[in-house]
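With the first letter of the sequence shown counted as 1, position 87 gets the number 83 in the numbering used here; the numbers rise by one all the way through.
Hints are not guaranteed to be accurate.
[Claimed, not checked] Simulated restraints on C-beta separations:
| no. | residue 1 | residue 2 | range |
| --- | --- | --- | --- |
| 1 | ALA116 | GLU21 | 33 to 41 Å |
| 2 | PRO115 | GLU92 | 39 to 47 Å |
| 3 | GLU92 | ALA116 | 36 to 44 Å |
| 4 | ASP35 | MET119 | 16 to 24 Å |
No lab work stands behind these hints, which were simulated from the structure alone.
Even for Gly, the Cβ is constructed at its ideal location relative to N, Cα and C.
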Amino acid sequence: MKQKYIALLLCMGMLTGCSQIDKKEGWHCAALLHNVFSDTPYIIDLDHAIDQMKAMETYPLNLTEDYQLTGFFDQDVSLNPENCANPEDVNDLTYETAKYGDNWYFDLDDPENYISNLPADLMPDLIRITYSPKGNITVNEREAIVISFCYQKSKPGISDDGMAFVWYNGPDPTGGVWNWEEQKSEDEFSGKFTADD
């Protein structure tokens, strides 16, 4: 698990750290990634999946002041804290008091009501939206939204295979210097990565 997590971080860092896309103002999609957590992934033809989803990177995603996610889906999605799939992690926090490393999850269990432009073979079992108001170890210190199309759900909130759109709001304020030390993952490892990790 740790190696897959590190590989994902490195992949995301390479895709986003050197790109001019980081200089854009407003929300922009910086990466479309294939995340595999199974020896038998659902998506075998990755080129086909990317061809079908590539245009979605240009959709006009926006997050309104009352935390309505607009533009990407066929209907708006509320990212208000009371709708979180992980309320125990939110507790009494608000977006105004959020800090680096806070990730709030929103699950759409009926993807067909939110996406009408995908072929049936790529309709996900679950859509998970991860909102990081102040960033985290994978997206650095900037507001970010990751929209994951999850396939082969093995249990609630867990995907064996998925396609993930990584969206940022505005330029990276850290200049690409990643804040490795302040994030703890679910398996409670933290700190800087070394060659031995």
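Each hint tested on the structure:
Range check, ALA116 to GLU21: Cβ separation about 37 Å, and the 33 to 41 Å hint holds. Between PRO115 and GLU92 the CB atoms are about 41 Å apart, so this pair conforms to the stated range of 39 to 47 Å. Between GLU92 and ALA116, the C-beta spacing of about 42 Å keeps the proposed range 36 to 44 Å intact. Our hint of 16 to 24 Å for ASP35 and MET119 holds, since their Cβ atoms are close to 23 Å apart.
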